[in-house]
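Student: The chain contents come next:
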Amino acid sequence: MHELPVIESILKVSLSHGAKNNVQKIMAIHLQVGELSDLEDEWMQRYFDHLSKDSIAAGAVLKIERMPVVMNCEDCRESFQVDIKNVKDIVCPLCQGKNNKLISGREYFIKSMEVL
Amino acid sequence: MDEVRLIEVKEGILADNKKTAEALKQSLKSKKVFMVNLMASPGSGKTSLILKTIEALRKDLTIGVIEADLDSKVDSEKIAAQGIKAVQLKTGGFCHVDATMVAKGLDAMNPDGFDLIFIENVGNLVCPAEVDTGAALDAVILSVPEGDDKPLKYPVIFAAVDVLVVNKMDFMELCDFNLEAMKERVRALNPGIAIFEVSSRTGQGVEEWSNWLKNKVREYQA
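Line by line, the protein sequences are chains A and B.
Each step along the first sequence adds one to the number in this note's numbering, with nothing skipped, and position 60 is 60.
In short: position in the second sequence from 1, add 1000, done, that's this note's numbering.
Incorrect hints may have been included.
Said to hold, decoys possible - Cross-link-like lysine to aspartate or glutamate pairs, in silico, EDC-like; alpha carbons within 16 Å at most:
1) A/K101 - A/E74
2) A/K111 - B/E1184
3) A/K98 - B/E1184
4) B/K1025 - B/D1112
5) A/K111 - B/E1008
6) A/K63 - B/E1008
7) B/K1010 - A/E114
8) B/K1216 - B/D1115
As the list claims (entries may be wrong) - Negatives, chain B to chain A, calculated, CB over 10 Å:
9) K1010
10) K1059
11) Q1221
In case anyone wonders, no lab produced these hints; they're calculated from the structure.
Note that CB positions come from ideal geometry on N, CA and C, so glycine has one too.
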């Protein structure tokens, strides 16, 4: 069910930028999606096709780039990437600290659109 | 033929929600109302824990509840039966509440004079974790029958919350639930998390959890 509100928001943002830029048709949308998202590319596209079918974004292709999970060490302030599937030991590579905070990896960011 | 052009958008989808959530936080802070976003799977005991917590704290704090459900009033009726103000949000099939929905619930409740307001989020361990509700404290319940592997399967929610309540401790004997392994998994994701072991049925641990929560409310109001 989470796909619905997420894709609805992506469509809303895309259409509002389309209107601002006098766009006739949106051909493609470049998205950055954090690796913590459990949404599959195929299903994002299917939901998008369904929701956008009566708009200028109908038929647009979602070009999805997965963004790494980045954490920041609270002790030494080092930022580092995390393989989130490997949750056993998230330690700072610099100081081995375990006091780490999530910086990114949960985002749905609309970078740009290819339009006519 | 028209040329395809590229336009920059550079906008995240949760930006609007973030703004609404920040505004809610400020407004509640000025009214000294402490809001808790309670998340968990369906059947983990969210409503029962809220009822037990109300029982423990109602002499000290004025408490209200915002109930979010897909399309029913079952939970809010249970709360209201205890003489506690409850507002029902029907999310109409949406799997989580966002800050705009919470703002509507707060309008219906009129938060002035409340010390503590619970949001009982939709039963779901996935997307509520990604959406800021404007609450001062995020809590998740994991009930023993669900299994000790949930932090491995739903890491985002366990990484995002301030407190974990392990509920249905009275089931421990019936389940192969490794409490220490589960805690280790959660702390690897979230070293600062507070963890309580309770049973809403027997009352085990309810006092400790309620007192901790009361102190959080008092610190916030000070």
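Student: All the hints need checking, so say for each whether the structure fits it.
Tutor: Tested hints:
1. A/K101 - A/E74: Answer holds: A/K101 to A/E74 is near 7 Å, not above 16 Å.
2. A/K111 - B/E1184: violated (37 Å)
3. A/K98 - B/E1184: Roughly 12 Å between the alpha carbons, so the hint for A/K98 and B/E1184 holds.
4. B/K1025 - B/D1112: holds (14 Å)
5. A/K111 - B/E1008: This hinted pair holds, its Cα atoms lying about 6 Å apart.
6. A/K63 - B/E1008: holds (14 Å)
7. B/K1010 - A/E114: holds (13 Å)
8. B/K1216 - B/D1115: holds (11 Å)
9. K1010: Its Cβ does come within 10 Å of chain A, the nearest being 7 Å, so this is violated.
10. K1059: Nearest chain A Cβ is 37 Å from B/K1059, so the label holds.
11. Q1221: For B/Q1221, whose nearest Cβ neighbour in chain A is about 26 Å away, the distance exceeds 10 Å, so it holds.
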